[in-house]
Amino acid sequence: MTESPILQVQNLRKLFPAQRSGLFRSPERFVHAVDDVSFDLGRGEVLAVVGESGCGKSTLALTLLGLETPSAGKIIFEGNDVTSVSGKEQKALRRHIQMIFQDPYESLNPLMVIGEIIAEPLKVHNLAPDKAERAARVRRALEDSGLRPAENFVNRYPHELSGGQRQRVVIAGALVLEPTLLLADEPVSMLDVSIRAEILNLLADLRANRGISIVFITHDLATAAHFTDRVAVMYLGRIVELGRTRQVLANPTHPYTKALLSVIPVPNPRQRRQRIILEGDPPNPIDLPPGCRFHPRCPIAQDICRGEDPALRLVAPAQQAACLLA
Amino acid sequence: MLSSYADTIPLTEAPILLEVRDVSVEFVSKQKGAPAARAVDHVSFALREGEMLGLVGESGCGKTTLMLSLMRLLPAAGRIVTGSIEFMGQDLLDLTESEMSEVRWRNISIIFQGAMNALNPVRTVGDQIAEALVRHGMAPTGKKSSAAGRVGDLLEMVGIGANRANQYPHQYSGGMRQRAMIAMALACNPQVVVADEPTTALDVMIQAQILELLDELRHKLGLSVILVTHDLGVVAEVCDTVLVMYGGVTAEYADVDTIFNDPQHPYTQQLLNAFPDLTRPTARLISIPGAPPRLDNLPPGCRFAPRCPQVFDRCHSEPPALHRLSDGHLASCHLVESR
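Protein chains in written order, with our numbering: chain W, 11 to 336; chain C, 2 to 340.
These are computed hints drawn from the structure, not numbers from a lab.
Cβ atoms here follow ideal geometry from the backbone N, Cα and C, with glycine treated the same way.
Be aware that one or more of the hints could be misleading.
As the list claims (entries may be wrong) - Using C-beta positions, here's what the derived DEER-type ranges look like:
no., chain 1, residue 1, chain 2, residue 2, range
1, W, Arg53, C, Ala77, 54 to 60 Å
2, W, Lys98, C, Ala77, 54 to 60 Å
3, W, Pro327, C, Gly150, 58 to 64 Å
4, C, Leu96, W, Arg282, 37 to 43 Å
5, W, Pro299, C, Ala37, 23 to 29 Å
6, C, Val29, W, Asp140, 36 to 42 Å
7, W, Asn294, C, Ser146, 30 to 36 Å
8, W, Ser96, C, Arg295, 44 to 50 Å
9, C, Asp154, W, Pro299, 30 to 36 Å
Throw the hints in and build the complete structure from the sequences for me.
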């Protein structure tokens with residue numbers, strides 16, 4: 011990569027204090043939500059962050075957005091350390107990093123018309139105080155989100171729109187600030203199958219046309235497969251495998267990635283495969299297992315896995331995995 | 002119109018357990034003078050012993066309404082206006098309410114959507130299963146205490162240690178709560194289990210665990226299962242036959258191989274194209290423009306016409322009949338008729 015990355019995450023850690031139990035003060039314990047995560051995101055790159063609930067993928071996004079303060083580590087955005095900025099600086103930063111949340115039914119104010127919803131971020135950031143200019147930016151954001159012609163939408167209320175259209179409004183609300191980085195947290199999981207593809211295609215277009223970088227958070231590797239450049243697989247707060255999406259899907263090296271891939275339903279009954287179904291649930295992120303944190307559920311775990319905590323290391327060109335046996 | 006589906010699904014020789022014929026369901030509108038909305042329109046299917054049927058469609062296509070009709074659990078505004086639902090030769094629509102309440106749980110049970118949040122948080126899981134057993138006369142002495150052995154067996158059957166019967170729902174993970182709901186549905190040894198989106202809110206790994214459990218139970222207990230889902234991948238993995246619904250009607254009905262490898266209805270074809278397939282990671286997914294129709298505003302002709310890529314004049318004026326393509330393959334599309 012000749013250009014500098016838009017985002018560099020270095021040894022990022024986010025711990026939440028856990029509730030103490032018992033009458034006497036037990037030693038302080040922590041939920042290890044994000045634990046030593048590092049990656050770079052290139053300009054115009056789409057990175058998938060994949061993992062099960064509780065793996066820390068949403069906490070990672072909230073930390074990148076500045077809604078959670080990291081416990082340790084660094085976040086470098088556009089070459090500037092933004093790890094612990096606050097107040098004005100943070101507000102300015104937010105213009106460039108925008109988030110799309112999961113539920114388009116709950117993230118739009120039902121009492122405002124679409125035009126007002128999209129204009130709101132401009133007012134918050136004191137941008138485009140001129141009414142005509144504001145209207146023009148709102149229109150452009152709507153049309154770039156596929157709501158054309160914009161005039162048909164600005165005066166409507168969220169309840170008049172379908173789920174897919176609402177998610178487009180949410181995306182327009184993020185786009186109106188012309189961000190360079192979008193964090194999309196499960197943006198299609200609440201939508202019907204026939205609508206999902208168009209929202210994914212819209213995100214792909216935004217990257218192609220505006221050069222926006224995207225962190226795409228999902229539990230669904232199949233969705234990630236279709237338009238992301240690289241994938242980071244997370245387990246219990248750690249990245250366990252990181253590499254080019256196609257390469258990781260074709261040649262997964264971490265046993266967790268292998269298992270995740272094997273259970274994704276393939277829409278062809280002639281290809282019913284041998285699935286690697288992991289028993290039980292991921293352990294709780296307070297009392298982490300010693301050694302490799304995946305070993306209690308790992309189908310190939312050996313003695314050394316109980317003693318040594320593997321770091322990410324290169325296992326193939328541009329592909330890293332945190333497994334002693336890979 | 003077909004009289005019977007007995008000869009249309011040539012998959013197995015197993016006898017037909019449940020036969021739904023021409024069922025239509027209407028909902029009365031709260032507004033005076035507004036016409037009733039038809040949520041399900043002349044839908045038929047048959048379920049054989051030990052078979053797993055996938056009922057597929059997007060939100061609002063009528064799949065949950067159809068399943069509630071089967072149980073005769075429709076909300077007050079809904080009523081079944083045509084058709085019959087025969088279970089082992091008996092039309093369930095002819096039964097009195099008290100007779101029907103015997104059929105529920107003992108013959109046909111349902112795992113509701115989002116059921117893992119349906120457990121009572123202030124009572125133990127075992128206590129709740131025991132109550133179901135007592136209420137349906139499955140406890141030897143009619144007291145909860147006499148059902149403890151059966152509660153333990155049921156929990157073990159779904160992969161939960163019997164020693165966890167005394168725990169509360171919050172001590173269970175999401176996957177375990179769904180397992181407990183399955184145990185409860187199996188409490189009275191039903192022949193048919195309806196599972197309405199049993200894996201929707203679960204992670205992929207837990208989803209795989211639950212699907213494997215359902216599949217295993219069906220083989221072990223000889224259960225027939227109706228799996229209601231919007232996830233085609235899940236259907237391809239575990240189902241024998243598939244009914245695809247769109248806007249309250251049958252779009253296509255066939256065995257699982259035909260649906261995935263020789264789909265004839267444009268909706269089925271488009272739905273398959275929109276589904277991300279890991280084995281074919283093309284750069285772009287094909288989306289179906291538009292949205293499913295609202296029941297109070299159905300198009301006059303084919304309900305899929307406004308979104309159909311192969312639409313022609315007739316589709317806008319005349320609803321297509323359900324055509325029989327071959328034994329066990331039905332599709333409602335004008336294009337199919339000419340073949």
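Hints, verified against the model:
no.: 1; hint: W:Arg53 - C:Ala77: 54 to 60 Å; result: holds (58 Å)
no.: 2; hint: W:Lys98 - C:Ala77: 54 to 60 Å; result: holds (57 Å)
no.: 3; hint: W:Pro327 - C:Gly150: 58 to 64 Å; result: holds (59 Å)
no.: 4; hint: C:Leu96 - W:Arg282: 37 to 43 Å; result: holds (38 Å)
no.: 5; hint: W:Pro299 - C:Ala37: 23 to 29 Å; result: violated (58 Å)
no.: 6; hint: C:Val29 - W:Asp140: 36 to 42 Å; result: violated (52 Å)
no.: 7; hint: W:Asn294 - C:Ser146: 30 to 36 Å; result: holds (33 Å)
no.: 8; hint: W:Ser96 - C:Arg295: 44 to 50 Å; result: holds (47 Å)
no.: 9; hint: C:Asp154 - W:Pro299: 30 to 36 Å; result: holds (32 Å)
Hints 5, 6, counting from the list given before, are not met by this structure.
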